[in-house]
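Student: So the sequences go chain by chain: A and B. In terms of our numbering, the first sequence is residues 669 to 985. In terms of our numbering, the second sequence is residues 669 to 985.
Just to be clear, a hint being listed does not mean it is correct.
[Unchecked claim] Only pairs whose alpha carbons sit at most 25 Å apart, straight line, appear in this in silico SDA-like list of lysine to any residue: (1) K883/A with Q764/A; (2) K883/B with W977/B; (3) K883/A with M947/A; (4) K900/B with A849/A; (5) K883/B with G753/B; (6) K900/B with D882/B; (7) K900/B with G701/A; (8) K900/A with A849/A; (9) K883/B with L848/B; (10) K900/B with D920/B; (11) K981/B with D968/B; (12) K981/B with V732/B; (13) K981/A with R729/A; (14) K981/A with Q878/A; (15) K900/A with P950/A; (16) K900/B with A703/A; (17) K883/A with A939/A; (18) K981/A with A921/A; (19) K900/B with D844/B; (20) K883/B with P700/A; (21) K900/B with V858/B; (22) K883/B with D976/B; (23) K900/A with A703/B; (24) K883/B with L973/B; (25) K981/A with R728/A; (26) K883/A with V732/B; (27) K883/B with K900/A; (28) K900/A with A939/A; (29) K883/A with P700/B; (30) K900/A with P700/B; (31) K900/A with G753/B; (32) K900/B with P700/A; (33) K900/B with E879/B.
[What the hints assert, rightly or not] If you want the ones that stay clear, here's a sample from chain B, every Cβ over 10 Å from chain A, calculated: (34) G690; (35) E726; (36) Q764; (37) G765; (38) V946; (39) E969.
In case anyone wonders, no lab produced these hints; they're calculated from the structure. Just so you know, even glycine gets a beta-carbon here, dropped at the ideal spot from N, CA and C.
Number of protein chains: 2
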Amino acid sequence: MSVSLQRWGSFHVGGREVRVAGEAVREVLYTPGSAPARLDPNGTYLVGGMYAQFMLPEPRRGAVPLMLWHGGGLTGACWETTPDGREGWQHFFLRQGWEVVVGDAVERGRAGWTRIPEETGGAPVVGPLENPWLRFRIGPGTPQEGRVFPGQQFPSDPESWRAFIRQNVPRFTTTDEMILAAYGALLDRVGPSAVVAHSQGGFFGWRAAQEWPDKVRALVLVEPASVGLAEKVAALRGVPVLMIFGDYIAEDARWPTIRGHGVAFADAVRAAGGSVDVMDLPARGIRGNSHMIMMDRNSDEVAALVQDWLASKGLWR
Amino acid sequence: MSVSLQRWGSFHVGGREVRVAGEAVREVLYTPGSAPARLDPNGTYLVGGMYAQFMLPEPRRGAVPLMLWHGGGLTGACWETTPDGREGWQHFFLRQGWEVVVGDAVERGRAGWTRIPEETGGAPVVGPLENPWLRFRIGPGTPQEGRVFPGQQFPSDPESWRAFIRQNVPRFTTTDEMILAAYGALLDRVGPSAVVAHSQGGFFGWRAAQEWPDKVRALVLVEPASVGLAEKVAALRGVPVLMIFGDYIAEDARWPTIRGHGVAFADAVRAAGGSVDVMDLPARGIRGNSHMIMMDRNSDEVAALVQDWLASKGLWR
Chain A
669 MSVSLQRWGS
679 FHVGGREVRV
689 AGEAVREVLY
699 TPGSAPARLD
709 PNGTYLVGGM
719 YAQFMLPEPR
729 RGAVPLMLWH
739 GGGLTGACWE
749 TTPDGREGWQ
759 HFFLRQGWEV
769 VVGDAVERGR
779 AGWTRIPEET
789 GGAPVVGPLE
799 NPWLRFRIGP
809 GTPQEGRVFP
819 GQQFPSDPES
829 WRAFIRQNVP
839 RFTTTDEMIL
849 AAYGALLDRV
859 GPSAVVAHSQ
869 GGFFGWRAAQ
879 EWPDKVRALV
889 LVEPASVGLA
899 EKVAALRGVP
909 VLMIFGDYIA
919 EDARWPTIRG
929 HGVAFADAVR
939 AAGGSVDVMD
949 LPARGIRGNS
959 HMIMMDRNSD
969 EVAALVQDWL
979 ASKGLWR
Chain B
669 MSVSLQRWGS
679 FHVGGREVRV
689 AGEAVREVLY
699 TPGSAPARLD
709 PNGTYLVGGM
719 YAQFMLPEPR
729 RGAVPLMLWH
739 GGGLTGACWE
749 TTPDGREGWQ
759 HFFLRQGWEV
769 VVGDAVERGR
779 AGWTRIPEET
789 GGAPVVGPLE
799 NPWLRFRIGP
809 GTPQEGRVFP
819 GQQFPSDPES
829 WRAFIRQNVP
839 RFTTTDEMIL
849 AAYGALLDRV
859 GPSAVVAHSQ
869 GGFFGWRAAQ
879 EWPDKVRALV
889 LVEPASVGLA
899 EKVAALRGVP
909 VLMIFGDYIA
919 EDARWPTIRG
929 HGVAFADAVR
939 AAGGSVDVMD
949 LPARGIRGNS
959 HMIMMDRNSD
969 EVAALVQDWL
979 ASKGLWR
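Please model the complete structure; the sequences and the hints are all you need to start from.
Tutor: Written as structure tokens, this is what we have:
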């Protein structure tokens, strides 16, 4: 079914200036058969900006824009399609009438990247295609062996796995403050929004809502990798939060800890007067979800739960 | 004016497998407050893929998809907006009824990037915001001084310049073969297309049309940085080509050479039975265009010339 767009496009926001001096001028032949160019690396660099792409459908039914913040090692592309080629959550929410804003966080995707390690404080982490199989709770062993947990919803056939891995990008563990600042600049530019954040994005979702609570009208955390600042829980009083967790957590090496942190933080936010709903999908009879819920075969079913929750908060009409 | 989309989304294509062995397993704390994860860097890497985003409007009037291939140091975002926030060529051609496919070439944007320098053969070139001012024929001196060539069409105010620079990404000079192979995979997946390529993209446009002439129905080269292979000019016999050049070329240090190579190659293609139209915008009374024609204030005027040319080749109805 077609969708009518009133506006669409992209922009970059955030970042700061860095001055570089004392480096040698050199000559670069950018393209074979071109002409050499003089490159003076000294000057002004813009570091720590991010990219965002927006689509505004008509009729518009979301009361505010809905932002999709990706997880670590990924870009905004993770919301645009699933590894088996179905429509992503970007499509789902656009079809519901939300203005959808998909971001590429600092040093990833179209945000570009910068001088490494001078501006990043370290080298990025790069892993092989075998790595996320167990970590994202697809199955034991390796993708080549192909065994999955019972009832697995992630499209784990070899072709889909490769399609997923192609979306993966290296990630830094040293750029969190830059990323948070850029999300602040994004919220500032777009204005008050509902934020849907996955995994590492959940860390920035919590932190951004604590820093700029007037800009985050609702926060949906899909398997958030971490929590906010304990000393700032009171800032979240006016921000309704939904946390969603998938299946196979009890048996995982790390996820009981990570989920435990999340649930404890939710308790602390509630104790400070805030509102956090924790949705364990298996407890609702929805089984088989990996860490990559927005890519799982039942991705639209879970998106519908998010949609209902956002509507219940008065953000959709 | 709104646009109706029949389909939209993205995918990754291309690349090859690389096996890594003998590296040390380590522990990584990806996100503060998370739980440490074991990272075994040994295994299989997918290297050299690219990203593409497609939008299919209705009614559809383009006979084939229209691909937009960015230049060096840029990503597909360069087609999505202009530095002063107007609509880009993506919008223009979508509004004309073309299915528009915007790519991010290997090691840039959402294509992701890989282990450096093991898979890239070298480190990328990164330059300061001062660098493209003269090289892209905006003006003499620096952007901070703000002097522009007479009649300059590029939006060169400080805010626009920063918006443009934020789009810039580091670029390799060592990955050309990977990029060409990925464009081949893209053409293979999407099928025969009209290709509009800018600057470094023009190099890949020529080369791709020579390698896969049945997949390139027309080639529009916007200030191509280089040419194709002299020994394969005959392969271009069935591919109509349009080359477009902007203003201020005669006074530039490099562009008389680069344009000269292009015009000489066009002659060679014609001598082999091909068809190449060379459009110097100033000769048509269109003045003030920088190297970044799709971002200049008269970007839609030039896009309309491209549109008319594509229609004259029977590719639009």
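Student: State for each hint whether it applies.
Tutor: Outcome of the hint check:
no., hint, result
1, K883/A with Q764/A, "holds (22 Å)"
2, K883/B with W977/B, "holds (19 Å)"
3, K883/A with M947/A, "holds (24 Å)"
4, K900/B with A849/A, "violated (51 Å)"
5, K883/B with G753/B, "violated (33 Å)"
6, K900/B with D882/B, "holds (14 Å)"
7, K900/B with G701/A, "holds (15 Å)"
8, K900/A with A849/A, "holds (17 Å)"
9, K883/B with L848/B, "holds (14 Å)"
10, K900/B with D920/B, "violated (30 Å)"
11, K981/B with D968/B, "holds (20 Å)"
12, K981/B with V732/B, "holds (12 Å)"
13, K981/A with R729/A, "holds (14 Å)"
14, K981/A with Q878/A, "holds (19 Å)"
15, K900/A with P950/A, "violated (31 Å)"
16, K900/B with A703/A, "holds (22 Å)"
17, K883/A with A939/A, "holds (22 Å)"
18, K981/A with A921/A, "violated (35 Å)"
19, K900/B with D844/B, "holds (18 Å)"
20, K883/B with P700/A, "holds (24 Å)"
21, K900/B with V858/B, "holds (24 Å)"
22, K883/B with D976/B, "holds (21 Å)"
23, K900/A with A703/B, "holds (22 Å)"
24, K883/B with L973/B, "holds (23 Å)"
25, K981/A with R728/A, "holds (17 Å)"
26, K883/A with V732/B, "violated (43 Å)"
27, K883/B with K900/A, "violated (57 Å)"
28, K900/A with A939/A, "holds (12 Å)"
29, K883/A with P700/B, "holds (24 Å)"
30, K900/A with P700/B, "holds (16 Å)"
31, K900/A with G753/B, "violated (37 Å)"
32, K900/B with P700/A, "holds (16 Å)"
33, K900/B with E879/B, "holds (9 Å)"
34, G690, "holds (13 Å)"
35, E726, "violated (6 Å)"
36, Q764, "holds (15 Å)"
37, G765, "holds (13 Å)"
38, V946, "holds (17 Å)"
39, E969, "holds (19 Å)"
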